[in-house]
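Enquirer: Listed here are the chains, written in short residue letters.
Protein chains: 2
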Amino acid sequence: MNIQLADVITIGDEILYGQIIDTNSAWLGTELTQIGLKVRQITSISDNPEHIIQTLNQVKKEVAVIIITGGLGPTKDDLTKQTLCRYFNTELVLHEPSLLHIAHLFKRYDREVTELNRQQAMLPATCTPIENPLGTAPGMWFEEEEVIYISLPGVPFEMKRIMSDTVLPQLKEKFQGQQIQHRVIQTIGLGESFLADKIAAWEDNLPDNLKLAYLPNLNGVRLRITGFSNRQDNLEEQLNTETNKLQELIPEYIFAIGEIPIEAAMGNLLKEKGLTISTAESCTGGHLAHKLTSIAGSSEYFMGSILAYHNNIKINQLGITPDDLSQHGAVSEVVVSQMAANVRKLLNTDIGLATSGIAGPGGGTPDKPVGTIWIAYADAEKTIARQLSYNKDRLLNIEYTTYAILNLLRQQLNHA
Amino acid sequence: MNIQLADVITIGDEILYGQIIDTNSAWLGTELTQIGLKVRQITSISDNPEHIIQTLNQVKKEVAVIIITGGLGPTKDDLTKQTLCRYFNTELVLHEPSLLHIAHLFKRYDREVTELNRQQAMLPATCTPIENPLGTAPGMWFEEEEVIYISLPGVPFEMKRIMSDTVLPQLKEKFQGQQIQHRVIQTIGLGESFLADKIAAWEDNLPDNLKLAYLPNLNGVRLRITGFSNRQDNLEEQLNTETNKLQELIPEYIFAIGEIPIEAAMGNLLKEKGLTISTAESCTGGHLAHKLTSIAGSSEYFMGSILAYHNNIKINQLGITPDDLSQHGAVSEVVVSQMAANVRKLLNTDIGLATSGIAGPGGGTPDKPVGTIWIAYADAEKTIARQLSYNKDRLLNIEYTTYAILNLLRQQLNHA
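Residue numbers (my numbering), protein chains in the order written: chain A, 1 to 416; chain B, 1 to 416.
The reader is advised that the hints may include incorrect statements.
Any copy will do: because identical chains look the same in the list, a pair fits if it lies in one copy or spans two.
Unchecked claim - Pairs of lysine to aspartate or glutamate, DMTMM-like flavour, derived with a Cα cap of 20 Å: (1) Lys-107 - Asp-197; (2) Lys-172 - Asp-208; (3) Lys-198 - Glu-144; (4) Lys-38 - Glu-173; (5) Lys-382 - Asp-47; (6) Lys-245 - Asp-204; (7) Lys-107 - Glu-192; (8) Lys-61 - Glu-50; (9) Lys-60 - Glu-50; (10) Lys-368 - Glu-333; (11) Lys-38 - Glu-50; (12) Lys-368 - Asp-393; (13) Lys-174 - Asp-393; (14) Lys-211 - Asp-367; (15) Lys-382 - Glu-50; (16) Lys-172 - Glu-143; (17) Lys-198 - Glu-112; (18) Lys-160 - Glu-399; (19) Lys-160 - Asp-393; (20) Lys-198 - Glu-115.
FYI, nobody ran anything at the bench for these hints, they're computed from the structure.
Quick caveat, the model's predicted, so the values are computed rather than measured.
The shape of chain A in the complex, shown without the other chains:
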């Protein structure tokens, strides 16, 4: 097999200082893999000319394609472009179409073109400029000694648009014929080592061209099978066979095949069954509703929520009995069950979900320490409540609770 390799280089101190999280590289990894290029290495460096040149010299020996992001933009692109001129032994010249594009963009916003922006139309003479429909810094395509170098701005939506419109289609044409394919099987409810034990025999018998990886996250363990082959149909069939075996082995833990978040998988199930849903949230403060409504088309099944942070709202809007509130406290089986059942009736949905807990860092008591959380599910026939106990930080508690209640919903929908 002849898998072509690509490297990603991101330029900018903000990544090294930890002031932004590098989401561009993950996106590039996914997209390059999809056209059959395997990402060999991602290197994040500062915008220092010597370091840029040293890195280019090191990686060009290893790969066919180098994608460089960052270091372009009205306040910083000069350095990267000067460095690329040095590396490719060329000089900056004015690129008229880019200047026109910048003027056009600014006209739309009714702004004058500044000198900084005018400089963005100066490009290395040996590059092929790549149009940036959403911004002022054009991309650049270089080829030298059979290596392709592509330099792009670091602003995520500009970079993605240039890649999708121009770079990916051209690379795909150049490197057709090889196949890398992933299949992701998403599990919830079983830790990594126990899962590994349960599927050890299956894993040992995987064909040589398939590789398994365990990817634990907040919301369970994703299993990724990666296949390499020269024939797409072959791979597809192999991956189907192995996925089917896995589904027979651990059906109760699998919630989705593919990179579908659990909130999308639940959305599909609700649509299939023609059910509607609402939420009554205290400790999750809207995060559960946000997850449900982050899915396109969620208005088909998600009707609304009452976020009852203050107890008055639990009483006045959700109709929680004041006696129960004072006797059991807001974080209790009695109250969370009422919340789920009442929001269901109030917003006229088939299912109601509710959360109430102490997200922290304050608000804990010896009886109910930070991380004590109740969740509930209600439909026309029953109400089911569960207690969770975490001791993580506020945001983790909110996220874990959201996933736990989505898993409770999944278990109920699967039995319905």
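For this one, chain A is given, so just place chain B on it according to the hints.
Expert: For chain B alone, kept in the frame of chain A given last:
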């Protein structure tokens, strides 16, 4: 100045395939900078022994500290540990305290120790093991030719705990005396090039040991001043002076000094003024409430929300006039203003915020295309509505809207 450098190496195909986003490196960048180590490069590579060794050989010449994350865990740590044994010319031996720790952890969950977990207590003979309080894979500390190598599991909360408990305090002691300090000034409401124009003269006059960076994000442009010095007091004073100048130059665009999200800055303002707040959300679907409640202590000022996705809930819970809904549509100045004013009264708060729009990808019309969004602010004296128009994707529309309404809140609180 004698700034010591550190490199971060992350091991794992999942980052290269784009299946997870590398948040560990950003966290490490922040923490290492805080103890005076400058991160020179972050390198993400696959769990391939040759590549690991090649990378270690390349970077060890450049830095004093190398932090390696990933490649440790019940299903994969053997390869990384074997590779480190090869690199350091040593072999695996049983580390009794680690075995006891694993047994202890498993007893708490009432689970048997598996063979996979037992192997996690086998460690390279020349390393100093580092306790992992939250997991089964211990960290490892190596020293060779004046370079410190630290290998840690990739699970974020385990890695962070080991760093905070053990690694950072020890590194801090070893490398005391140098200072790197950042000051972040967060702006909103002005694009990068216009901001750069406005503060050009100030930037040109910055002292040589201070460096300015523009960090644009969804929510404005962060300005970062980085200072290098051997004397902490000096730096602090310099940064204060320059920050003050900037505050005089562009007061209306600055919403915070420091890495404080706008929702936290608004929380502080609300507490200061003793005001409470509620939200009525349609297109943001809980994201605005989630942002507000992600801040510890937000229950002091945030009371609750009505998420009215379906029009019936706008009518029944929020009291929107059905005639207005049918005449103007849910996405209109009239309806969003009623939503803000009504939720304020209903939940008995000083301020009400409301959003209504077409987040997409479906639901657009020629009149109101995807990205047409109305936001409103209401207090006892007035209701202010604004129209936004975006044309990005669903999640970006939700996020941009959330930041736009937080900025509207900021402008009103600053005048109140």
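Enquirer: Hints the structure violates: just list their numbers, smallest first.
Expert: 2, 3, 5, 13, 14, 15
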